[in-house]
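**Student:** Produce the complete structure using the sequences and hints provided.
Just so you know, the protein sequences line up as chains A and B, in that order. To convert, take the position in the first sequence, counting from 1, and add 1; that gives my numbering. To convert, take the position in the second sequence, counting from 1, and add 672; that gives my numbering.
Just so you know, these hints were derived from the structure itself, not from any lab. All the pointers check out, no bait thrown in.
Straight-line alpha carbon distances no greater than 25 Å define the calculated PhoX-like cross-link-like pairs of lysine-lysine that follow: (1) B:Lys875 <-> A:Lys9; (2) B:Lys889 <-> B:Lys878; (3) B:Lys784 <-> A:Lys9; (4) B:Lys889 <-> B:Lys875; (5) B:Lys889 <-> B:Lys784; (6) B:Lys878 <-> A:Lys9.
Here are some chain B residues the structure puts well away from chain A; computed CB gaps all over 10 Å: (7) Tyr730; (8) Gly732; (9) Leu733; (10) Tyr736; (11) Asp742; (12) Leu753; (13) Lys754; (14) Ala757; (15) Leu758; (16) Gly821; (17) Leu822; (18) Asp823; (19) Ile825; (20) Pro831; (21) Asp832; (22) Asp872.
The beta-carbon is built from N, C-alpha and C at its ideal position, and this holds for glycine as well.
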Amino acid sequence: MFPTPIQKRSRATQVTYQTLLPLALILWLLPLLAVMLFSIRPLSDFTNGNYWGIPSSFDLFANYGRVFFESDMPRYLLNSVFITVPTVIGAVALSCMTGFALGIYRFRGNLLIFFMFIAGNFVPFQILMVPVRDLTVSTGLYDTKTGLVLFHIAFQTGFCTLFMRNFIRALPYELIEAARVEGVAEWRIFWYVVLPLMRPAIAALSVLIFTFIWNDYFWAIVLTQGPEAQPVTAGITSFNSQFVAQYHLMSAGSIVAAIPPVAMFFAMQRHFIAGLTLGAVK
Amino acid sequence: MTPATDTRSWLQKNRMTVTPLLFLLPGLLFFVVYVISPIFQSFNISLYDWDGLGEATYIGLDNYRELVDDRAFETSLWNNLKWLALYLLAIPAGLFIALFLNQTVTGIRLYKSLFFFPFVLSQVVVGLVFSWFYLPRVGLLNAVLTFFGLDSINVLGDPDLATYGIIAAGLWPQTAYCMILYLTGLNAVDPEQIEAGRLDGAKGWKMLWHVVLPQLKPATFIAFVVTIIGALRSFDLISIMTNGGPFGSTRVLSFMMFEQALSEYGFRMGYGSAIAVVLFLIMLVFIGYFLWQMWRDEREARH
Numbered sequence: 002m003f004p005t006p007i008q009k010r011s012r013a014t015q016v017t018y019q020t021l022l023p024l025a026l027i028l029w030l031l032p033l034l035a036v037m038l039f040s041i042r043p044l045s046d047f048t049n050g051n052y053w054g055i056p057s058s059f060d061l062f063a064n065y066g067r068v069f070f071e072s073d074m075p076r077y078l079l080n081s082v083f084i085t086v087p088t089v090i091g092a093v094a095l096s097c098m099t100g101f102a103l104g105i106y107r108f109r110g111n112l113l114i115f116f117m118f119i120a121g122n123f124v125p126f127q128i129l130m131v132p133v134r135d136l137t138v139s140t141g142l143y144d145t146k147t148g149l150v151l152f153h154i155a156f157q158t159g160f161c162t163l164f165m166r167n168f169i170r171a172l173p174y175e176l177i178e179a180a181r182v183e184g185v186a187e188w189r190i191f192w193y194v195v196l197p198l199m200r201p202a203i204a205a206l207s208v209l210i211f212t213f214i215w216n217d218y219f220w221a222i223v224l225t226q227g228p229e230a231q232p233v234t235a236g237i238t239s240f241n242s243q244f245v246a247q248y249h250l251m252s253a254g255s256i257v258a259a260i261p262p263v264a265m266f267f268a269m270q271r272h273f274i275a276g277l278t279l280g281a282v283k
Numbered sequence: 673m674t675p676a677t678d679t680r681s682w683l684q685k686n687r688m689t690v691t692p693l694l695f696l697l698p699g700l701l702f703f704v705v706y707v708i709s710p711i712f713q714s715f716n717i718s719l720y721d722w723d724g725l726g727e728a729t730y731i732g733l734d735n736y737r738e739l740v741d742d743r744a745f746e747t748s749l750w751n752n753l754k755w756l757a758l759y760l761l762a763i764p765a766g767l768f769i770a771l772f773l774n775q776t777v778t779g780i781r782l783y784k785s786l787f788f789f790p791f792v793l794s795q796v797v798v799g800l801v802f803s804w805f806y807l808p809r810v811g812l813l814n815a816v817l818t819f820f821g822l823d824s825i826n827v828l829g830d831p832d833l834a835t836y837g838i839i840a841a842g843l844w845p846q847t848a849y850c851m852i853l854y855l856t857g858l859n860a861v862d863p864e865q866i867e868a869g870r871l872d873g874a875k876g877w878k879m880l881w882h883v884v885l886p887q888l889k890p891a892t893f894i895a896f897v898v899t900i901i902g903a904l905r906s907f908d909l910i911s912i913m914t915n916g917g918p919f920g921s922t923r924v925l926s927f928m929m930f931e932q933a934l935s936e937y938g939f940r941m942g943y944g945s946a947i948a949v950v951l952f953l954i955m956l957v958f959i960g961y962f963l964w965q966m967w968r969d970e971r972e973a974r975h
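**Tutor:** Given below as structure tokens:
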């Protein structure tokens, strides 16, 4: 193991390490802790200039209550859910199929198509912006959740295909050959042999895509414009102009907007990290 | 018309070609419509003067000629370069934190998760968090500076500082990402080689450089890919923290493109597309390199 396990070091080093650990963490999360502190303060603290002292009262429920009951926040959150969940389902479903096709079969152009998916996944969003916006407007999907979902599914298919194809490549190929010898139809091999083995990949991708899409901001402002369809990342700017300079509410609002992907991460940590670090170890 | 039995046997004979094609079709269709063909369309639009609604006029390379003399374009290009260079700091920083956390003391798993989780926050939230952190007078940064008797600074209001302030905010989640890549990599480092290194008297830096880092190569490669792509994609933080200001000093190509094509500077789709094409070409250099590396791995894997 590298570096040397702390247990093998001197007592002094061990104590230093144990004290440095929480200090480093506090320092690392300092900007976030500041926002959390803001979000439980009463308004009077800000008018009195008490930004960093002890809060004069604990207003967590009052502040977060106002976020939920006096703004469009619940609506934006709901929009985010209705954008994110269909995208996850769509992109994972499509890439299970593309990954299967590219991972199992040998045919001309296989590698070319695979690399096209990878390359498309890296391009800057701006090179797609004008045509995609045009297409969305002309199909009557501008400012709808559907318009956003369709684009997200298409774009995420690139990354998901890379992921799925490499995962399927690592499966034991003998299983598929055995099924073929038995005379099992190809689509049945997909459904009954490969798909059950892909469960961990599906789980990992679902959490990752959930986070990516929930956190998307660029496409939200390009393809939607009002509380009808905007997800919370875009809605938060209107929220902030509603409560301008009321730091306690703006802080509470942005924490609310951040909670779903954070909760998802902590609940599905193993899958999340497995997905994110795929390929980091050979 | 061929008889039905013949059709079936043709399908039977060619099922190894037909099956993958059918499986590819839906995904490929989506990807071509929304990703591949828009790239070519953008190249085309960049040759027109177009407001997005009315008639488009063909003007050849005029949009690109205009770019050459555009001061905003020059600033954006320089800022992109700063982003690229400074964003790469996330890689050594991530490695450093990973080495710090690669121990087995109680609660270390929670520490790792908490160090990592800024990456899960949306860039919008990161941008807001840091713009409050930087607030003149009342922000935490200035509270700390004044506490130590230093002059307070208005990071995002100063044209010379603002870009660096935004990059620092971007480094926060990016470092977390690189950290988790390296933690995973360190987990897989071969303990026998470490032991062999120890016997040879390698310690600390020497061990890291000659024994550990070579084994972390796949992690480093991915860290490079995601950091470079992330640096060139920077948009959200700029839009949230400064909206390109003060005096346009924090613009980058992606942001300037959006401004020209969609925001208050008005609907110059052709000019915007020309900027997008330049950004795309810059990125293409890196994409080409990444693909070439992956291609080599692929070929090695086959033999």
